[in-house]
Structure formats: C-alpha cells, structure tokens
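Now for the letters of each chain:
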Amino acid sequence: DVVMTQTPVSLSVAIGQPASISCKSSQSLVGTSGKTYLNWLLQRPGQSPKRLIYLVSKLDSGIPDRFSGSGSETDFTLKISRVEADDLGVYYCLQGTHFPLTFGSGTKLEIK
Amino acid sequence: EVKLQQSGDELVRPGASVKMSCKASGYTFTDYAMHWVKQSPGQGLEWIGTIIPLIDTTSYNQKFKGKATLTADKSSNTAYMELSRLTSEDSAVYYCARFYFDYWGQGVMVTVSS
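Top line first, the protein sequences correspond to chains A and B.
According to the working numbering, the first sequence is numbered sequentially starting from 129.
According to the working numbering, the second sequence is numbered sequentially starting from 4.
Honestly, the hints are just simulated from the structure, not real lab data.
Predicted, not measured: the structure shown is a model, and the values here were computed from it.
Treat the hints with care, as some may be off.
Claimed, not checked - Here are the simulated PhoX-like cross-link-like pairs (lysine-lysine), alpha carbons at most 25 Å apart as the crow flies: (1) B:Lys-6 - A:Lys-186; (2) B:Lys-66 - A:Lys-186; (3) A:Lys-152 - B:Lys-6; (4) B:Lys-26 - A:Lys-178.
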C-alpha cells in the first residue's frame, strides 16, 4: 500500500500568518494517464471531510485562493497564505492513483 | 444540488451485522462510483472500497474484504454498505463519498456494544 506521510502532526498559527503542510508518498502518484491524483481535504470539528484541492493544485469551487497546492511525484505541499479562523480543523492528503486508496494521518491546524 | 444522505446512527451487538445506506440526489447516480470511508474514534480516515453502480462492480481494500459488502440500487439512487461479524474494532463513523471525493455524506456512527 502507498504510505502517505504528513507533517507536521499539528500546527498553531496566528490569524493572518501563513501555514504549510507537507505530504510525502512512498511511491510516485503519477498515474498511467499522466495525471497525479493527489487531493487535500479539510475536516472541521464535528463535520464530514471536505475536498479543497484535487489533482495536486486545482482548487475546488468556493475555496478561497488563500489555499494552494503544489508538488509532484512523491512530494506535495498545501499552503495557506493567510490563515483565517474558519481554517481550523484537520487537513488530510489523499492519493487516488493506486489501490487501495490511502490517506495521510492528518495535520491539526489550531488558531493561535 | 448534489447531496449524499446517509442513514441514522446504529447501536449493534457484537457478532451482529449492520447495513447502512447512502441516498444520492442532485446528479445521475450511475455516472459516478461511490466510495466508503471509515473513521475510527479520534483517528484518521481509511478507504473501505468503491462500487460502480452502473455495472455493479466493486473494489475493496484487502483489509475490509469479508467485513464490508457494498451494493447499490439504481432504482432508488442508493448505495449500501453492510458490515458483518461486528466487534469493538468496527465502532467508527462511516462515510460515503462520491467518486472524486467532491461530495461526502454526513456519516453514520456505528457503536458495537453489548
């Protein structure tokens, strides 16, 4: 199985400051189609996960452009340029290239 | 508006089975596969498997083979997951999610207790 290693485990960030989360996969996530099926999800407290970014860097509709995704092959990053109070929760990376699909272990973002 | 409405929370006895549902609306049910995901208390997310309603084909995480059975009813736009021979390890929240993980159900909390 592809292991998704997320760091840090937790992050405390002041409003207006940037945040960055890393996700490294144990093998390349480039699929046979040439596409890289790497998603970022946010699970707010008491809610279902919500997809923020797909195909490494494509923002979902309604997601502010404070969020950005980058990376390739095995190394991926989610960045928030200016954290807002609504951003708190647990962020997960998810790879959809190889079966079984696997998630990172999560990064808890707290507001300082 | 796309919506995945899951059935209610369940309290079940050890050794029993439970079947939960995920009713899709707002899109053509057979156009997308449906995933099921487990979240154990205070833990992360695990992919259980996927069903393609159009052709009734399933793909399972090896870890959940024999534990989970995925089915779909095209006439009612509903996906189902049955969990069998329940133990305390199966106590968790279970989500359905549309194929691209762009829409999720609200989750079903399953508690296995005598």
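request  = Would you mind confirming whether the straight-line C-alpha gap from Lys-6 of chain B to Lys-186 of chain A stays at or under 25 Å?
outcome  = holds (22 Å)
query = Under the criterion that the straight-line Cα-Cα distance not exceed 25 Å, is the pair Lys-26 of chain B, Lys-178 of chain A satisfied?
reply = holds (18 Å)
query = Is Lys-152 of chain A close enough to Lys-6 of chain B, meaning Cα to Cα at most 25 Å?
reply = violated (32 Å)
inquiry  = Next pair to validate is Lys-66 of chain B with Lys-186 of chain A; report whether the Cα-Cα distance is within 25 Å.
reply    = violated (31 Å)
Checked against the numbered hints listed earlier, the structure breaks hints 2, 3; every other hint is satisfied.
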